[in-house]
Amino acid sequence: MSWDQLWEILYTIFITQTGIPSITLGHVFMWAVGLFFMFLATKNIEPLLLVPIGFGIFIVNFPLAPLMGTSEHGVPQFLYFFYHYGLEWEILPSVIFLGLGTLTDFTPLIANPKVLVVGAGAQLGVFITFLGTLLCGFTLKEAASVGIIGGADGPTTVYLTSALAPHLLGANAVAAYSYMALVPIIQPPIMRALIKKEDRMIRMDNMRKVSRLERLVFPLIGAAVIALLIPAVTPLMGMFMLGNFMRESGVVKRLVDTGGGALMNGVTIFLGLAVGESMRAETFLDWKPLAILAFGIVDFVFCTAGGIWTVQLLNKFSKVKMNPLIGSAGVSAVPMAARVSQVVGLEEQPGNYLLMHAMAPNLAGVMGTAAAAGMFIAMFK
Amino acid sequence: MDWLFAYARPDIDWNYAMITLAVRFIGVFVVMLAMQVALQVAARVVRWVEAEPVAIPAATGTAAAVAGLTQAGVTAEVDGATAAAITMALQGADEHTAAAIGVALALESRSRTTVDPREGTSSWAAAGRLQQLNRLTR
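Chains as they are written, first to last, in my numbering: chain E, 1 to 381; chain W, 1 to 138.
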């Protein structure tokens, strides 16, 4: 064998069998994005999701890696399985909702069901963003998937985007989870700007006692109403209510522990990884992800304002006044948005504990966001 | 206004988009309101079901008292005598009278005899029994 032949073999291997010559600036940029997410995770910003998302972005942006394509025999490659069966088949968000159901105590919402409309009012940003993105050149389906970001519900965002605009999955999921982590920074200035000081100091009465039977009946009612009125989102809310029913039944502790523990943790890994996998340089680097990040903040602002305005409107017709600070919790970042209401309330008046009152619109927000998502999915069927 | 739509896709039917947007936003409210109504109805039914066990009166008077309690929205599990006392208090009787009625009814239900309101040494008990009798015969 001559040196020329050896060189030719090495060159062929280098060119065709390694990814090095195929690296582009886009790949390098996406590595930086992935590393940035992992760095944020180390700072305790949504670490459970940003670690798998960040690593997913990092690993999927190495050229020629057999991860997200199909083999020469048409067999889907390793990570594509998670993406295909997990997200395209809408399994992972629904299983996450099962786990969330097992971890959710609906007592505040059952005790004060009139705040359910706050969860609807807090979807204002979703519809405003829908309109805004349409004006900026997004399609109807893309606009709907971007709008839902303001609902501040990660699994619902992933669910809707997978159904309507899968090519925007990465950008939407990242925007949703990023802004959810920023709720404590985004919301307080809006709350102070929209609510008068005396209203921020309103004290709310203790909630009534909720019996076990009421808590047991709630998931059945919730599932029935959702399945009847917005069947498109039944997989998501049905699993949510199943998880909650298991919790309240008190007879399947092992299933509850698994649903809210090991199962949800495992699914979170695959959800994060699948979202990260969708952010390949070839499809992600576009003007739309940047626009989505910009619209995301607008979305959150209007959703927060919508919740506050709804409480203020309810107060005009009610003898028993609610503290409008709980309205901001209508975005469904559970329980972070409720904690923000509590913190701002305590700053205004020490001893004014709003946490449990704010949990009610917070849970209503989860249902409101799911309802909005169901409306959008139904729109395109 | 054309500048507003400068970047919008030309294939979008804006009439449809705006109408469906408004309808679906209102739709979210409708869903939440339906849920609210369903929850409130369920809460009433559950409270009614759970109030059933207290409606086992020791005497006819306590049955009426418990019914009054249920109407007043008191759902805690209480014995018949206490229920009667609370009911009287809710109806405007002073707390001493209500307490006396409670004692009188408790004694009456335990003795399984009818007590003449004119009998007894305690003026509170006598007043309570008399009021209870008047209330039951009204």
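Honestly, I wouldn't trust all of these hints.
[Stated by the list, open to error] Some chain E residues close to chain W (C-beta under 10 angstroms, calculated; not the full set): (1) M204; (2) M207; (3) V210; (4) G222; (5) V225; (6) L228.
These are computed hints drawn from the structure, not numbers from a lab. By construction, the Cβ of each residue, glycine as well, lies at the ideal position given by its N, Cα and C atoms.
Violations among the numbered hints, reported as their numbers in ascending order: 1 and 2
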